[in-house]
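K.L.:
Chains as they are written, first to last, in this note's numbering: chain F, 561 to 882; chain H, 2 to 309.
Derived by calculation from the structure, the hints in this document are not laboratory data. In this text, all values refer to a predicted model and were calculated from it rather than measured experimentally. Honestly, I wouldn't trust all of these hints.
[To be verified] Here are the simulated EDC-like cross-link-like pairs (lysine to aspartate or glutamate), alpha carbons at most 16 Å apart as the crow flies:
| hint | chain 1 | residue 1 | chain 2 | residue 2 |
| --- | --- | --- | --- | --- |
| 1 | F | LYS812 | F | ASP729 |
| 2 | H | LYS108 | F | ASP579 |
| 3 | F | LYS813 | F | ASP729 |
| 4 | H | LYS113 | F | ASP873 |
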Amino acid sequence: MEKSAGYITKNKIHKSAGDIVLKIFAVGFIGFIALICLYPLLMVLSGSLSDNFAISQRGFSVIPKTYSIEELKDGLEPSVGISTDTYKYLFIEPESRRNILVSYGVTVGITVIGTLGAMIVTSMISFALSIKDLKYRNAISFFCNFTIIFSAGLIPWYIVCRNWYHLGDTYAALILPSMFSVWNMFLLRTYFSSVPPSLYESAKLDGANWYQIWWKIALPLNKTAMLTVGMMYTLAYWNEWWNALMFIDDRKKRPLQFILYNVMAKITAVSSGKVPRGANLVLPTETMKMAVTIITIGPIIFLYPFVQKYFVDGVMTGAVKE
Amino acid sequence: MKEFKKNHQLYIMCIPAILFLIAFSYIPLAGIWMAFTHFNPVDGVFGSPFVGLRWFKAFFGIANDSGAQFNGMGLKAVYNTLFINFFGLIFGTIIPIMIAICFNEVKNKPFKKITQSAMFFPYFLSWIVVGVIVKAFFDDKTGMVNSLLRSLDIETIKWYATPKYWKAIVIVADIWKWCGYNSIIYLAAMSAFDASLYEAATVDGANRFQSIIYITVPLLKPTVIILTLMSIGRIFYGDFGMIYGIVGNNSLLYDEVAVIDTYVYSAMKSLGYGYTTAIGLMQSVLGLILVTVANHFAKKVNEGEGLF
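With the rest of the complex left out, here is chain F (with noise of 0.2 Å):
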């Protein structure tokens, strides 16, 4: 750096707009960035408040667009506003409505399951494994480890589920499979290893067994964590497809994810377009999509405010020790 005092002076005029350059380009940068991120969102939104024939005419935006009666008859542009006739539809329709209320079940159910036992087991393990004196810990964690180095692939493992455990249309194809991930066990060992043995010796001294020190000692301590990882499981089980389109044919056991993908594949595969006389409704063909996908996401839009800051904060900090 040149040191003259000329130079500081014009330099700092310099600097300082620079500076504003730089804070103009990120926040719009950022700006823009989160703006393509809702976007979308809002788009899907939009769509499934929308008009069926508006949308068939003039295609999605974000803002929701209706006909009313002398739109349509003078052939004029749609205009702004809502309607709420897919999901009536969705839900006055007795097979789309028995389809979504049936894979609800099955979503809420797998997930509520396979999140407790996944949280047990992993915590468990998670929590043997940070222990110091363990012998074998390192032994257990290669154990671990190899599973994600190396696998059989899709086909043995699809045949031993199918043809060995016998897996084929049973809930617990939705459930097993995904119910221990080695990489969330890292993530929470990180967690639990930062807890001060100390605090374990002393819980001995008192007479506590291992159970009961992780149950009211390490779990408690490790709330951001064990939530963070607690939310990555939900989401695995809610968003869960893959073992469904692998295992299930039945109708009844697909879970919501599930039926999207088929709407998405036939628009007729929630619906068989049989509506109760008097209900005067279409079968609405594009808007249907959108307001599924909400009905599907819709769980997620409400939690997301509240567990968006822990969740950060919980990668963020394993990101960090890790």
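Start from chain F and add chain H according to the hints.
P.N.:
Okay, now just chain H, sitting in the frame of chain F:
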């Protein structure tokens, strides 16, 4: 024995997880045998006739005893996988780093909160939902992109019938879904940087831009190298969910974006379990080699600590 007596409760706590790994990771390893047999369900994994390296030869087009059905699509899938992963890796590194750096320059708290929430949101969506969004953008008739083209009086494009665009679309979707999540990892790394370095630079008359170029970027290097090495270790693995969620089984686009994983799935019924197991095996072996090599280099940059 003494060790077990002392810590048996801890070992018992490991058992459920170990059982899951045995059931869903280790026992399937036995199924690798199928790669060397002409599998049929009646005789099972170990009863089916042995065919040696037949499927491996078929994959590389050396011996075409089964006719023209192995038409080199396997190699095409390998190419697609590498192509999509390579560009996904490059842009999927640069953009999150840019986000993290810019994010650090912004001081307005509410703005940061809102934008971070927005950027993180795609991470929560399944690939199926991403597929719906892609469709809403690129649908021939009702898609937003074509609406935009129409309003600009440019000829519209039948996206879902034009394969050449889809590698790019898939890569963009991949970056879109992960950019918020990945930027958090870089933000985490940056939060650990020594603040006195920046103060010293300011005292020396460096502006913010210079601080970024000469302090932030060099300090980010180890993180970038580690994450890149991890991605290289997995470069032969395609994202099944992404491809299947976005393109589905659209036969027009299939050849263009089929990755090894989706190829194995779609060929499973038509070309047989033996052939597809062989492909999966090659993928796993290559993956193992690459991860080992990557780990070796990671140890060098990371003071002796590897990826695993």
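K.L.:
Okay, which hints does this one fail, numbers in order?
P.N.:
As far as the earlier hints go, not one is violated by this structure.
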